[in-house]
Amino acid sequence: MQWTATYVFAALFVFVTVMGFAAARWRAGDLNHINEWGLGGQRFGTIVTWFLLGGDLYTAYTFIAVPAAVFTIGALGFFAVPYTILVYPMVFVIFPRMWAVARKHGFVTASDFVKGRYGHSGLALAVALTGIVATMPYIALQLVGLETVIGALGFDTHGAMGHMPLIIAFLILAAFTYSSGLRAPAMIAIVKDLLIYITVIAAIVIIPAQLGGWATIFAAVPPEKVTLPTPPADSLGTWSAYVTLAFGSAFALFLYPHSMTGVLSASSGKVIRRNAAILPAYSLVLALLALLGYMAYASGVATKPEFAEGFAKYGANFAVPALFIDQFQGWFVGIAFAAIGIGALVPAAIMSIAIANLYTRNIYKEYLKSDCTAADEARVAKLVSLVAKAGALVFVLALDTKLAIQLQLLGGIWIIQTLPAVFFGLYTRWLDPRALLVGWAVGICTGTWMAYTLNFKSSTYPLELFGYTMPGYAAFYTVILNIIISVILTIVLRAVAKREHGDMTVASDYA
Amino acid sequence: MPDNKDKAQITSSGLKRRWLIPLIFLPFLTSLWVPSYNRIEPTLSGIPFFYWYQMVWIGISAVLTIFVYLATNNKEEE
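For the record, the sequence lines run as chains A and B. Numbering follows the working numbering, with no gaps: position 261 of the first sequence is 261. The working numbering runs 511 ahead of the 1-based position in the second sequence.
No lab work stands behind these hints, which were simulated from the structure alone. Since this is a predicted model, take the numbers as computed values, not measurements. Don't take each hint at face value.
[Stated by the list, open to error] Residues from chain A that keep clear of chain B, each with C-beta distances beyond 10 Å, as calculated: (1) G119; (2) A308; (3) E309; (4) G330; (5) W449.
[Said to hold, decoys possible] Derived PhoX-like pairs: lysine-lysine, alpha-carbon spacing no greater than 25 Å straight-line: (6) A:K270 to A:K104; (7) A:K365 to A:K402; (8) A:K313 to A:K457; (9) A:K402 to B:K527; (10) A:K365 to A:K104; (11) A:K270 to B:K527.
Glycine included, each C-beta is placed from N, C-alpha and C at the ideal position.
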């Protein structure tokens, strides 16, 4: 049992809990309005947005899973770095438009926008459902990340009593999200991000020195893992896998409801463009964290008897927690673990808020109670945020963690299928909503089938074209298929049918 | 909700020098060409090229974005 680390961890948790509840009074607004509860009143400036998006996108699971991937598969796991580089140019160009049109028409979700732009309820419902379904396992994985560090502190995370720390953390999260809305994760993100920066800087200064320098660390890694293996003559091998994983993940990231919520809560398009320039600071942190995977390798934690039980329970996800325990003093282990643990609360809160926004605006108000008042809307959203988190908790406690990982993998393939409707929709109304809906359905089915042929263990599908194999991210391939189908069907529909759907937006709304 | 008069102003101002924007998409090209960075030498204080080169691109990409932001930013906006 890591007692010193546990005290520090618990103290920091209590601190952010108090912050989470106090956040309701921060730049106070009427929290009985969904725009105030679910988007923080759209008043966040450059710095708060930076902390909020940093806390939202670079999740606890990322901090555990990226180094774990590098630890197990080597260079291929480093695709997370080009991935985060490619994201921000898109944010710079696309999201000030999204923000402007959302502000003009009071859109809170991507589905709101699709409804307004295409006037087609079916397509809007598809976008809302995809968002909800793709995000649920993502919340579950945050709890998996949290459970890993709680386990590393020495708690037995199995059995009824073993689940107590996770349940307590969950109750805290649920309570402050309910009462403070998006203001809570925005405020807590500041603490979480500072802790992460401190941890990573310390790790990068202290650990390589203790292990004998970078050259020694990389010498310990098998050479075939240090770079991507040269592909065979008839295949692009890991090269196309690396590139498509980076591109596909980058396209998918900002289609996730929690990213959308984070961006729309900014106070202007300018704040978003500024953030595209300063958010890469987190990418650097992520890159350094990825290298922790090799440090874990070089430190030999995987073969040390005191960590055997942890690796048996949590697999490669235990690599970074084990490395910290091995290399840091007790009190600093507490800080590092709190960074990861609190790092789970921020995205989990924002994800549950995003799901709540989607359900309330695009399902409840649309189909169940069209005459609901603003207060009704906020009340339902708060309740749904609880249900979403409770669902994720039950998922982690009752089902296998592997299932959450597999569903999260599918979630990436599903969410990217909303790209043509959402991103292209910001630039043109040319695509027909019915064509987009068919493209979406084909993309979802093909992508799920690809994952099925890989036994849901991987998302790198060996696409064969003209006798040449191009292993690549299934999300990347299927969204291309989706786009092709949407375009062809639009041309066909233009030729045979004339029915026009409404568009409540005009060109000037986007600037 | 901003009133419509504000909105009209934002629309009329927009961004300057839009032709600079494609610059920030440079990493899309460089990251596609895997053989250009998939090697160990030259190392940087023991870190293989594959890793430090891609980390340097995080910095280049941020600097490009800051440059393009400043060059395209229209002060009248907001």
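Hint-by-hint comparison with the structure:
Look at A:G119: its CB is around 22 Å from the nearest CB on chain B, clear of 10 Å, so calling it non-interface holds up. Distance to chain B confirms A:A308 as a non-interface residue, since its nearest Cβ pair spans about 29 Å, more than 10 Å. Residue-level check passed: A:E309 sits 31 Å from the nearest beta carbon of chain B, beyond 10 Å. Every beta carbon of chain B lies more than 10 Å from that of A:G330, the smallest distance being close to 29 Å; the non-interface claim holds.
Interface exclusion of A:W449 from chain B stands, the closest Cβ pair being 27 Å apart, more than 10 Å. For the hint pairing A:K270 with A:K104, the CA-to-CA distance comes to about 16 Å; that is within 25 Å, so the pair holds. A threshold of 25 Å between alpha carbons decides the hint, and for A:K365 with A:K402 the separation of about 35 Å lies outside it, so the pair is violated. Among the hinted pairs, A:K313 with A:K457 is consistent with the structure: their alpha-carbon atoms are about 18 Å apart, no more than 25 Å.
With a CA separation close to 49 Å, the supplied pair A:K402 and B:K527 exceeds the 25 Å bound. Between A:K365 and A:K104 the alpha-carbon distance is near 20 Å, which keeps this suggested pair within the 25 Å criterion. For a cut-off of 25 Å, the pair hint linking A:K270 to B:K527 stands: about 13 Å separates their Cα positions.
Going down the numbered hints, you'll see the structure goes against 7 and 9, while the others check out.
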